[in-house]
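Participant: Single-letter residue listing:
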Amino acid sequence: MGALDEATAALGLARANCRARQCADIVVMVQRDLYHLMAEIASTTENVARFRVIDAGRVTWLESQIDMLSAQIEMPKDFILPGDSPAGAALALSRTIVRRAERYVARLLHENAIENQELLRYLNRLSSLCFVLELHEDQAWGSEKPTLAKV
Amino acid sequence: MGALDEATAALGLARANCRARQCADIVVMVQRDLYHLMAEIASTTENVARFRVIDAGRVTWLESQIDMLSAQIEMPKDFILPGDSPAGAALALSRTIVRRAERYVARLLHENAIENQELLRYLNRLSSLCFVLELHEDQAWGSEKPTLAKV
Amino acid sequence: MGALDEATAALGLARANCRARQCADIVVMVQRDLYHLMAEIASTTENVARFRVIDAGRVTWLESQIDMLSAQIEMPKDFILPGDSPAGAALALSRTIVRRAERYVARLLHENAIENQELLRYLNRLSSLCFVLELHEDQAWGSEKPTLAKV
Numbered sequence: 468m469g470a471l472d473e474a475t476a477a478l479g480l481a482r483a484n485c486r487a488r489q490c491a492d493i494v495v496m497v498q499r500d501l502y503h504l505m506a507e508i509a510s511t512t513e514n515v516a517r518f519r520v521i522d523a524g525r526v527t528w529l530e531s532q533i534d535m536l537s538a539q540i541e542m543p544k545d546f547i548l549p550g551d552s553p554a555g556a557a558l559a560l561s562r563t564i565v566r567r568a569e570r571y572v573a574r575l576l577h578e579n580a581i582e583n584q585e586l587l588r589y590l591n592r593l594s595s596l597c598f599v600l601e602l603h604e605d606q607a608w609g610s611e612k613p614t615l616a617k618v
Numbered sequence: 468m469g470a471l472d473e474a475t476a477a478l479g480l481a482r483a484n485c486r487a488r489q490c491a492d493i494v495v496m497v498q499r500d501l502y503h504l505m506a507e508i509a510s511t512t513e514n515v516a517r518f519r520v521i522d523a524g525r526v527t528w529l530e531s532q533i534d535m536l537s538a539q540i541e542m543p544k545d546f547i548l549p550g551d552s553p554a555g556a557a558l559a560l561s562r563t564i565v566r567r568a569e570r571y572v573a574r575l576l577h578e579n580a581i582e583n584q585e586l587l588r589y590l591n592r593l594s595s596l597c598f599v600l601e602l603h604e605d606q607a608w609g610s611e612k613p614t615l616a617k618v
Numbered sequence: 468m469g470a471l472d473e474a475t476a477a478l479g480l481a482r483a484n485c486r487a488r489q490c491a492d493i494v495v496m497v498q499r500d501l502y503h504l505m506a507e508i509a510s511t512t513e514n515v516a517r518f519r520v521i522d523a524g525r526v527t528w529l530e531s532q533i534d535m536l537s538a539q540i541e542m543p544k545d546f547i548l549p550g551d552s553p554a555g556a557a558l559a560l561s562r563t564i565v566r567r568a569e570r571y572v573a574r575l576l577h578e579n580a581i582e583n584q585e586l587l588r589y590l591n592r593l594s595s596l597c598f599v600l601e602l603h604e605d606q607a608w609g610s611e612k613p614t615l616a617k618v
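Residue numbers (my numbering), protein chains in the order written: chain U, 468 to 618; chain G, 468 to 618; chain S, 468 to 618.
Hints were generated in silico from the structure; no laboratory data involved. Keep in mind that a hint or two might mislead.
Identical copies go unnamed one by one, so any copy, or any two together, can satisfy a pair.
Said to hold, decoys possible - Simulated crosslink set (SDA-like; lysine to any residue; CA at most 20 Å straight-line):
id, residue 1, residue 2
1, K544, D534
2, K612, M542
3, K612, D545
4, K612, D522
5, K612, V520
6, K612, R592
7, K544, E578
8, K544, R519
9, K617, M468
10, K544, I533
11, K544, G469
12, K612, V495
13, K544, V618
14, K617, R499
15, K612, V515
16, K617, E530
17, K612, N514
18, K612, E541
19, K617, F518
20, K617, V495
21, K612, G469
22, K617, S510
23, K544, K612
24, K617, R519
25, K612, R499
26, K612, D492
Here the structure is a predicted model, which is why all the values come from computation and not from measurement.
Produce the complete structure using the sequences and hints provided.
Facilitator: What follows is the structure, given as structure tokens:
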């Protein structure tokens, strides 16, 4: 739960620095989804159905955002280094914390503490979304070419 | 200890972005308290008394800051999403890391590795302080209404 | 691995806020080193040699950067509090996450999951580098005296 809370806050840091309106709008929708995701995980087995918002439909929505954003830019052919813009770096930080949350949710599923597989799929796709959002924000901040990991 | 160090750094990120002088002044006092809190946890049983600074009086001070700041603003009636300002988002991030540190200190107390209960109370109240500071900073940055988790 | 990824992202947040060109250039070289460090840790025992980039030479380079940066400024005589500039605070956050990664790599070495001792030495020196970079950036942002932990 803590990692999900941290991920939401890191996404907030990204949102506060976003220069592309499109990106900020997507981030706020993701933050709303994470809020519901946390509510579902925090709920007891008896009332979990009442809290379920994240389903296959939300994962499909997430994937459609990734496709839409990817189509608008040239995807880098090699590993990039975060830091070409404040918003992009905050999105990279969000991505790494989302991955920490993903490992935690995978463990909960494995231990049968939760049973909604879509939560894990959502977080898995969310790190990809953070990556394309990072590329968009770097461009919106004027970075022409991403800084590559290998030279 | 690591989580406390991370919390202090995240509070630094907040402080560097604060627009309300009142908030920055409170954050620096909290950072000083966390410095003493870490020194106490790092000390051995023999010399712990020499490092003790965080006591019921510091918790009372913290609570008075929460009350003072809460009285100045309208408290939101629903869950809010971090990201309405850079300082507010950094305070939200600080809050989530403080909660991680709180779980760690709770474990140390439970295992009798430390015995000063006020350390846990301080961290518990600190996450509430981070929340009201976030609301203040969002306002100081010109956000008129907090972004709500539910629409 | 996650902690190393988080450290790279936090360094990105620092880099995006750097005002001293010298600091940004050093950070990007460190991010490249961390990329190779992660590749080495992720590799299997059979192909690890192919991924080895971090060696005693890279640690010496890191130490020379610390010496060079330290010689340019007055080192504070007491503990400082992060938050005198956005870049400085992001460097402090990076330092605390690097230390988390360092504990993780120390465990891997202890469990013989990896054998390259230079990875640990690199991370150990990296937190010192983050500290001097923080002092430099605070100055580059116009902070005349560091905020001290004790008053």
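Participant: Up to 20 Å between alpha-carbons, please classify K612 paired with V520: within, between, both or neither.
Facilitator: Neither: 38 Å inside a chain and 25 Å across chains, both beyond 20 Å.
Participant: State whether the alpha carbon distance between K612 and N514 is at most 20 Å within one copy, between copies, both, or neither.
Facilitator: neither (49 Å within a copy, 31 Å between copies)
Participant: Please work out whether the CA atoms of K544 and I533 approach to 20 Å or closer within one copy, between two copies, in both situations, or in neither?
Facilitator: Answer is within; shortest intra-copy Cα gap is 17 Å, inter-copy 33 Å.
Participant: Between copies, within a copy, both or neither: which fits K617 and S510 at Cα up to 20 Å?
Facilitator: Between. Shortest inter-copy distance 17 Å satisfies the 20 Å Cα cut-off; intra-copy 45 Å does not.
Participant: Go through the copies and call it for K544 and R519: within, between, both or neither, with a Cα cutoff of 20 Å.
Facilitator: Neither, since 38 Å and 22 Å both go past 20 Å.
Participant: Pop the pair K612 and M542 into one bin, within, between, both or neither, using alpha-carbon distances up to 20 Å.
Facilitator: within (11 Å within a copy, 36 Å between copies)
Participant: Quick one: K612 to G469, C-alpha cut-off 20 Å, is that within a copy, between copies, both, or neither?
Facilitator: neither (35 Å within a copy, 26 Å between copies)
Participant: State whether the alpha carbon distance between K617 and M468 is at most 20 Å within one copy, between copies, both, or neither.
Facilitator: Answer is between; shortest inter-copy Cα gap is 19 Å, intra-copy 35 Å.
Participant: Given identical chains, is K617 near R519, meaning Cα to Cα at most 20 Å, within a copy, between copies, both, or neither?
Facilitator: between (43 Å within a copy, 14 Å between copies)
Participant: At most 20 Å between CA atoms: does that hold for K617 and R499 within a copy, between copies, both, or neither?
Facilitator: Between copies only: 7 Å across, 36 Å inside.
Participant: Taking 20 Å as the upper bound on the Cα-Cα distance, should K612 and R499 be classified as within, between, both, or neither?
Facilitator: Close across copies (16 Å), not inside one copy (32 Å); limit 20 Å.
Participant: For K612 and D492, with the copy left unspecified, which applies at a CA distance of at most 20 Å: within, between, both, or neither?
Facilitator: Between copies only: 16 Å across, 24 Å inside.
In this structure, the hints that do not hold are numbers 4, 5, 6, 7, 8, 11, 15, 16, 17, 21, in rising order.
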